[in-house]
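Engineer: Sequence:
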Amino acid sequence: MGYKDVYAGWKADPEGFWTEAAKAIEWEKFPTRALNDDKAPIYSWFDDGLVNTCFNAVDRHVRDGRGDQNAIIYDSPITGTKSAITFAQLQAKVAQLAGALKAKGIETGDRVIIYMPMVPEALVAMLACARIGAIHSVVFGGFAAHELAVRIDDCTPKAIIAASCGLEPGRVVHYKPLLDGAIEQATHKPEFCVIFQRDQERAELIEGRDYDWDAVQEGVAPADCVPVPGSHPAYILYTSGTTGAPKGVVRATGGHLVALNWSMKNIYNVDPGDVFWAASDVGWVVGHSYIAYGPLIHGNTTVVFEGKPVGTPDAGTFWRVISEHNVRSFFTAPTAIRAVKREDPKGDSVKRYDISCLRALYLAGERADPDTIEWAQKVLGKPVYDHWWQTETGWTIAGNPAGLEALPVKVGSPTVPMPGYDVQILDEAGHPMKPGELGAIAVKLPLPPGTLPTLWNAEDRFRKSYLTAFPGYYETGDAGMIDEDGYLYIMARTDDVINVAGHRLSTGAMEEVLASHPDVAECAVIGVGDSLKGQLPVGFVILTKGVNRPHGDITAECAKLVRDQIGPVAAFKLSVVVDRLPKTRSGKILRATMVKIADNEDFKMPATIDDPAILDEIRAALQTIGYAGA
Numbered sequence: 001m002g003y004k005d006v007y008a009g010w011k012a013d014p015e016g017f018w019t020e021a022a023k024a025i026e027w028e029k030f031p032t033r034a035l036n037d038d039k040a041p042i043y044s045w046f047d048d049g050l051v052n053t054c055f056n057a058v059d060r061h062v063r064d065g066r067g068d069q070n071a072i073i074y075d076s077p078i079t080g081t082k083s084a085i086t087f088a089q090l091q092a093k094v095a096q097l098a099g100a101l102k103a104k105g106i107e108t109g110d111r112v113i114i115y116m117p118m119v120p121e122a123l124v125a126m127l128a129c130a131r132i133g134a135i136h137s138v139v140f141g142g143f144a145a146h147e148l149a150v151r152i153d154d155c156t157p158k159a160i161i162a163a164s165c166g167l168e169p170g171r172v173v174h175y176k177p178l179l180d181g182a183i184e185q186a187t188h189k190p191e192f193c194v195i196f197q198r199d200q201e202r203a204e205l206i207e208g209r210d211y212d213w214d215a216v217q218e219g220v221a222p223a224d225c226v227p228v229p230g231s232h233p234a235y236i237l238y239t240s241g242t243t244g245a246p247k248g249v250v251r252a253t254g255g256h257l258v259a260l261n262w263s264m265k266n267i268y269n270v271d272p273g274d275v276f277w278a279a280s281d282v283g284w285v286v287g288h289s290y291i292a293y294g295p296l297i298h299g300n301t302t303v304v305f306e307g308k309p310v311g312t313p314d315a316g317t318f319w320r321v322i323s324e325h326n327v328r329s330f331f332t333a334p335t336a337i338r339a340v341k342r343e344d345p346k347g348d349s350v351k352r353y354d355i356s357c358l359r360a361l362y363l364a365g366e367r368a369d370p371d372t373i374e375w376a377q378k379v380l381g382k383p384v385y386d387h388w389w390q391t392e393t394g395w396t397i398a399g400n401p402a403g404l405e406a407l408p409v410k411v412g413s414p415t416v417p418m419p420g421y422d423v424q425i426l427d428e429a430g431h432p433m434k435p436g437e438l439g440a441i442a443v444k445l446p447l448p449p450g451t452l453p454t455l456w457n458a459e460d461r462f463r464k465s466y467l468t469a470f471p472g473y474y475e476t477g478d479a480g481m482i483d484e485d486g487y488l489y490i491m492a493r494t495d496d497v498i499n500v501a502g503h504r505l506s507t508g509a510m511e512e513v514l515a516s517h518p519d520v521a522e523c524a525v526i527g528v529g530d531s532l533k534g535q536l537p538v539g540f541v542i543l544t545k546g547v548n549r550p551h552g553d554i555t556a557e558c559a560k561l562v563r564d565q566i567g568p569v570a571a572f573k574l575s576v577v578v579d580r581l582p583k584t585r586s587g588k589i590l591r592a593t594m595v596k597i598a599d600n601e602d603f604k605m606p607a608t609i610d611d612p613a614i615l616d617e618i619r620a621a622l623q624t625i626g627y628a629g630a
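Using the numbering used here, the letters of the sequence shown correspond one by one to residues 1 to 630.
Think of the hints as simulated: they come from the structure by calculation, not from any bench. Check the hints yourself; a few may be wrong.
Unchecked claim - Derived CB-CB ranges, DEER-like:
id, residue 1, residue 2, range
1, Met1, Arg209, 53 to 59 angstroms
2, Lys4, Lys29, 32 to 38 angstroms
3, Thr79, Ala8, 33 to 39 angstroms
4, Lys4, Glu26, 42 to 48 angstroms
5, Gly626, Met491, 38 to 44 angstroms
Claimed, not checked - Derived EDC-like pairs: lysine to aspartate or glutamate, alpha-carbon spacing no greater than 20 angstroms straight-line:
id, residue 1, residue 2
6, Lys573, Glu522
7, Lys382, Asp422
8, Lys346, Glu306
9, Lys434, Asp422
10, Lys104, Glu191
11, Lys560, Glu522
12, Lys351, Glu374
13, Lys573, Glu147
14, Lys573, Asp519
15, Lys434, Asp485
16, Lys158, Asp110
The C-beta atom is built at its ideal place from N, Cα and C for all residues, glycine as well.
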């Protein structure tokens, strides 16, 4: 069956489709129904089934004869380390850590924050939580103490599992002081922390609260897998909210297992035993779905890569990893490929390696610009598939289902909706639009298995954020169109969340930080186009009256504030002092117009603007930092 037949089959009988897909997962008790719509528009999948994520990702493969197959390949050009862990070894490691957590009082439903770099122990920690039904929340290693504290207070973890440090080219990121600072700031206090001590830096442990990773596991009984209901949260993953307060996306266990398992063959075209590599981080949704869970559930070998696309040591690192480890499908962000392209425009580094094992390159995390796709197609000689999804959905909304049928690539489009997603383009009133017309991208409810059923302790915010703009639909927050062939095009965000190198970050959160500077009276942050990272934040600050310090000192302090409170991922370096901001008569800052000026695009003068002359001032300010066509 090709894509059209499969998609039509899902549409004709959605519950039958997902019930069939659920048979590929091993259940303690198979669900009596697929979809529960009793509380629509809040839906749940497989909620009366009983299942365990860790059993499906690890134990069943050992039982079925895959114990000697590599589950994880660790490749760290930063440390010069390479190693492999078989499924049998992974089972022993996970069961032992789960036993230690259980011995310290962690029970089904308790939350555990994981604050780790890209090391195999991060996956062991995630799977150990899943083994005993604890709900993990992975926070990107190196996130600033303030951001970590916000997440501690929101999910109230009983324990935190962290590493002593993370590593960047040429520097050590000290995790333990950040963790200690976050716990100090947070109102909620975890009962204990487990610290994985890395060779590069051993952290000082606080007696009575901190326990060494190895010592805490000594002498404890390994834990068995605990079956949980299909609706039980597997994890909470925080994503930027438009208000600046992070949203805790909940992932339900049953649907997560079914959707990810289905996606591995049908979208990524790998078979059990194949090596799959997602060059991301466990702190992001890609790391959850396609480093930790999807490949292991499906019986694939997953690559844990601690390095960068360039500089560890050069632009050939990706191709070396693919060649050495026999990678079949490779998934990364367009910004990573842009970095490689900038360092190696002719693709000479590809010629140093045999990448004949690779079937395709998959891109997601931000819009893949045509130049990047065409360059990658040319230098790799492989299909390059853009695909589109979100932290909220957990897996592909629109993509090229290469395992079902490789559809023709249209550069600029992530191809077509996957089964489970009835994607519509709507006008402001919620009416469907014609092919080729630009509108809001929405998905008809119910969303498929694997997507968020709600936000952690915030059902009202879930409804308001996603379900109220277009009743009966999930609002994606993206704008785009669908062409005559059913191909989807993503054109822009419809809110103030910007995409910096694949990381969705809220400009509202950055504005809150800038506004805390004692010399800043008012501010705005916009995302401007950047050839490498996709977007970069630029801040505009109005100074408090009477401040006459050098502007360069103030903008440098602003950059440091954002780095300290949000983290280096924000890539916030540029800000400019202005006398006033363009606003509507009602006081709303015209950010979208400012973005168009920065990106040197045509725009209509907003009808409600208070004073059109301000736009010339904004253009002049942008030109001083190299934007607005300067």
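Engineer: Hints numbered earlier in the text: which of these fail when held up against the supplied structure?
Structural biologist: Structure breaks hints 3, 4, 5, 7 and 8.
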